[in-house]
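Q: The primary structure of each chain is shown beneath.
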Amino acid sequence: MDLTFTPEQLAFRDELRAWLAEHGPAGSLGEEPDDEDESWEWRREWQRTLSEGGWAGVHWPKEVGGRGASLTETAIFFEELGRSGSPLPADVLGILLAGPTLMSWGDDAQQERLLPTILSADETWCQGFSEPDAGSDFAAVKTRAVKADPDDPDSDWLITGQKVWTSGAQYAKWCMLVARTGDGRGGQEPGAKKHQGLTYFVLDMEQEEVDVRPLVQITGSPEFNELFLTDARVPQSMVVGGVGNGWKVALTTLMNERAGLAFFLQVRLRQALDRLVAVAQENGSSEDPVISDRLADLHLRTEALRLMAWKGLTAIEQYGQPGPEGSLTKWLWSETNQLLVQLAVDVVGAEALTADSRWGYELLRARGNSIEGGTTEIQKTIIAERVLGLPRAS
Amino acid sequence: MRFDLSEDQQEIQRAARDLLGGRATFAQLRTVVAEKDAEPTGMPDLSRTPGEDAALTAELAELGWTGIAIPEEHGGQGLGLVELCAITEELGYAVAAVPYLGTVTAALVVQHEGTEDQRGDWLPHLASGQLRGATTYTGDRVPVPGATDAALLLVGDPHGGPAALYAPGAGIAEDAEAVDPTRGHGRIPIPELDPEEELNPRGEWLGGTPTPSGAGFDRAAVVVAAELVGVVQRALDMTVAYVKERRQFGVPVGSFQAVQHGAAQMLRDVAMARVLTYNAAWTADALSAAEDEGERARLAAELPVAAAMAKAAASDAGRTVTAAAVQLHGGIGFTWEADVHWLLKRAQVDAALLGGAGHHRRRIATRTSSVPVPEPTADEPATD
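Here the protein sequences line up with chains A and B, keeping their order.
Going by our numbering, the residue at position 67 of the first sequence is 67; the numbering climbs one at a time, nothing skipped.
Going by our numbering, the residue at position 143 of the second sequence is 143; the numbering climbs one at a time, nothing skipped.
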């Protein structure tokens, strides 16, 4: 056990802190605008600033513009980003998902064309995985890709179908898109392996055949979109990892999804809890034994989350493979955040149930936490089957 | 940053698990409990404590386990709280019928809150295992493991008031049959410690005068949490093994999502208790090793919260995980024949010992407002 940082890691953190103090929200970045489009531009500008400072792709190799940071340094980066009150960069999908996936599976031409514009936010990304009938059951995607000329293997692909939960699609240049190219029979027949016949594409969003419609959430704001594709065109050169290999490529993307983010989210949770404790002390509700018991429980959970995230990192560094911490932290974080915003109603009072208030928004937004990025039920099943080794449900 | 036991610590834990895997089986536990429950015939062996595995107790003392965290100058091995927790976790995993927990917690309290004389008087005897100990709070809320009249008794105020030490033969421990029939328990019915009043003739104030207690009792609570971590890990392991085997409706019951998700919840509760317990143990060791004044002050402020988080999470997990183990075993889990009930009973006592989850959450609530969130600052890999 050693819960300290090395001198090198401390130096990394201090350099980052100094940079964030100058360029972050307390420095030149300033406050986030309310308007959605302006907020996007603001976060895009923030990513450019990060990029110019060499901080946009800390975990990326140096050859492709990253800092070549270790896992621990990457974790420190996300902790400090959260601690400083800075937002995530606009194109977190490109930096955390598309970039690493292309580095693993993309060919030279794809890497040369696509990687350089990610960190600078010159071209941003969205993720076209989920569909109305393929959420948790992701392998059931129905969106279909066919050859424009069936006799010419080099001809373009024409893609038709519907994708959902595509955040940032209205701003994105590229979409990580999974579509069905082979039979796989969509899982209709017993025994059919529906994850076969999937292919991973990079779709150019700038074409008329791609229709982006905002999807309004229970908060009233359209954080996500729906994507309607009608013969959307993708050249053969934008197939990633080979035709029919989409399931494996997509898993790479999904495995990258949580790396680092857990540290950012954990710090944000801590900050929200600190704000709530401050309100409770100010208005006297912390004297209520039930409320103080709940606040203490949230403190304990938030600490457990931080420690679990570090324990997960240790498992990867020491043994080369992640432990159960990924699913555990996702589950624990979403549940804890929901408990926190629910308790806030009892602590803050009327304001938390008032439309357009910050607490009111968080109360509603948090309901999505246990659904997005893999529902809690899916996390529990992953833990049961892959960590505890229980037999798969028949 | 390495949230994992070091090679040496893993070696200690492996050795403990290997030894106990052979010596402290459930079959052996049943023998010990059966002897205790047998009708007395002839002259009873007064040297033996009912519910205790005498041979194993002697063996652990010979191996030096009782003195593992006691300084070498007092006859111990001078290792840290992390090592002590690693061993105690294994004793919990085995539900070993030994008076270990009382003895090592008593030693921690004497070591960190006693005077030089008190340390010199008692630690060598506790280290050798010749003397048993027991540790509890005032208020008599729980049968205390190891609390017999022959033991050194440490009684503290749960809210940080003074603590007292009672030499063997003080006559304050009463016999008690706990729901956990192993290892031997007693009760110490002291409602409170009044600094104005005279103590029992065999009693003395810990630290010489009535002074606020905490540093030793916090460490003791972490060790109880470590035993709970072992107990709940065993409950999880046994449950997972059982639901893979047990078939109903033609399939293993572990393939049903209701069962799977119950097991996943068990794992999560175990994992939370585990990270918070080892975090607290590490914090205590880092505090002991810290040389810089500021660093010491920071860690000293963190330890009470870290210990309270550990005990709160472990106490809750102790109850929920062992209850889930009985539930997921179904009908057999409710029988004497299945072994999960030993875990449930041990967990119930430990969950209440040295403060339950509610008590420790109250401590967190009163302290977190003034205590900054822990944040790694030092780079000394001192207590690897």
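No wet-lab data here; the hints were simulated from the structure.
Careful: at least some of the hints might be erroneous.
Here chain B is said to cover these stretches of chain A; the calculated rule only asks that three of the stretch's residues, wherever they fall, bring their Cβ under 8 Å from a Cβ of chain B [as the list claims (entries may be wrong)]: (1) 1 to 11; (2) 94 to 101; (3) 301 to 312; (4) 326 to 332; (5) 376 to 384.
Nothing here was measured: the structure is a model prediction, and the numbers come from that model.
Glycine is no exception: its CB is placed at the ideal position from the N, C-alpha and C atoms.
Q: Hint by hint, note whether the structure agrees.
A: Now for the hints, and whether the structure bears them out:
1. Given a C-beta distance limit of less than 8 Å, the hint that chain B covers the segment 1 to 11 of chain A holds, as 9 residues qualify and 3 suffice.
2. Look at the segment 94 to 101 of chain A against chain B: 0 of its residues bring a Cβ nearer than 8 Å to a Cβ of that chain, fewer than three, so the hint is violated.
3. Look at the segment 301 to 312 of chain A against chain B: 7 of its residues bring a Cβ nearer than 8 Å to a Cβ of that chain, three or more, so the hint holds.
4. Note: the segment 326 to 332 of chain A has 3 residues with beta-carbon separation from chain B under 8 Å; the three-residue rule is met and the coverage holds.
5. Coverage of the segment 376 to 384 of chain A by chain B holds. Counting CB-CB distances below 8 Å, 6 residues qualify, and the rule asks for three or more.
Of the hints listed earlier, the one the structure fails to meet is number 2.
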